[in-house]
Amino acid sequence: MSNHSEMKSRLARVRGLGSAKEGVAHWWAQRLSAVALLPLIIWFSASLVYLSGANHATVLAWLKTPLAPILMVALVSAGFYHLQLGLQVVIEDYVHNGAIKLSLVIITRLGCALAALIGVFSVLRIAFGG
Amino acid sequence: MAQDNRPLSPHLQVYRPQITSVLSIVHRLTGIGLGAGAVALVVWLAAAAAGPRWFELASNMAASWPGQALLLGFTWALFYHLCNGIRHLFWDVGLGFELTTARLSGWAVIITSMLLTGISWAIGLSKVAGA
Chain U
0 MSNHSEMKSR LARVRGLGSA KEGVAHWWAQ RLSAVALLPL IIWFSASLVY LSGANHATVL
60 AWLKTPLAPI LMVALVSAGF YHLQLGLQVV IEDYVHNGAI KLSLVIITRL GCALAALIGV
120 FSVLRIAFGG
Chain Y
0 MAQDNRPLSP HLQVYRPQIT SVLSIVHRLT GIGLGAGAVA LVVWLAAAAA GPRWFELASN
60 MAASWPGQAL LLGFTWALFY HLCNGIRHLF WDVGLGFELT TARLSGWAVI ITSMLLTGIS
120 WAIGLSKVAG A
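Residue numbers (numbering that gives the first Met the number 0), protein chains in the order written: chain U, 0 to 129; chain Y, 0 to 130.
None of these hints come from the bench; they were simulated from the model.
Please read these numbers as outputs of a predicted model, since none were measured by experiment.
For every residue, glycine included, the Cβ atom is placed at its ideal position computed from N, Cα and C.
Computed, partial: chain U to chain Y, Cβ under 8 Å:
| # | residue |
| --- | --- |
| 1 | Ser51 |
| 2 | Val122 |
| 3 | Arg124 |
Label pairs and their computed distance ranges (CB to CB):
| # | chain 1 | residue 1 | chain 2 | residue 2 | range |
| --- | --- | --- | --- | --- | --- |
| 4 | U | Phe127 | Y | Thr19 | 41 to 49 Å |
| 5 | Y | Thr100 | U | Thr57 | 38 to 46 Å |
| 6 | U | Ser8 | Y | Gln67 | 58 to 66 Å |
| 7 | U | Thr64 | Y | Gly72 | 28 to 36 Å |
| 8 | Y | Phe89 | U | Val104 | 28 to 36 Å |
| 9 | U | Ala11 | Y | Met60 | 50 to 58 Å |
| 10 | Y | Thr19 | U | Gly128 | 44 to 52 Å |
| 11 | U | Asn54 | Y | Ile18 | 39 to 47 Å |
Covered, in the sense of this in silico footprint (three residues per stretch, anywhere, with C-beta under 8 Å from a C-beta of chain U), are these stretches of chain Y:
| # | stretch |
| --- | --- |
| 12 | 18-32 |
| 13 | 38-48 |
| 14 | 73-83 |
| 15 | 117-126 |
Please build the complete structure, drawing on both the sequences and the hints.
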C-alpha cells in the first residue's frame, strides 16, 4: 500500500466502491422525490377533479393563477425525476444483456428529461402567454 | 463468463403469493403505468398550450370510452402508488414491519385507493353532468 492511501481515512478508502459504485445516492433521490410528490399529487388530483369537464378557457385561467403553474412545474419535474429513477431500477432488475440494459437506461433517462421539458415549457407558455 | 454458472436464488414463482409480495409487485406495475399517465399529462398540457383546437382534440380523446377507461386506471394507479408509497416511507424509517401491521396496512392501501378513486370520479362525473 502506498503512503498516499495510508494517509486516507478508512471511509475515504471505501467511498465509491461496492457493487453499485454510488452508495445510497439513487435510493435517497427516489425517497426525496417521493416526499416532494406527496403534497403535489394530493393538490394535482384535487385540481383535476375540480377541472372535470372544464373547457379550454377554464384550464388556461387556472394555469394563469399565481400558484397553479409553480406547483405544476414542480409536479412535472419531480414526477419525471421519480419516474426515471424507478424505471431505471426496473430495467436493471429484469434486463440482463449489458448493451440492451445500457441502451434502455439511456432512452428512459433522456425520454423522461424531454417529456418533463415539454411539460414545463407548455405550462410556462400558458402562464406567461397573453 | 464464469459469472453465468453461479447458483441463483429461487425465482418468484416458487413462492406462494401473499398480500405483501403481491402489493410490492403491483407497486412496480402501477409505477410503470403511471409513466404512461405522466406522458398523457404532458400531452394534455402541450395541447392546452397549443390552442383551442388541439385542446378539443385531447378532450375528445379523454372523453371517449377507451380514454375514460384509461383515465380510471390512471386514477386508481395514482392513488395506489401514493398510498403504498406512504407505506414504504414508514418502512424506510423502520416502522410497521410486524407481520400483522404489514398485512393490515396492505389492506388499508387497497381499500383507501379504491375509496379515493370512487370519491374523485363521483365528484368529477357530477361536475361534468352539471356543466
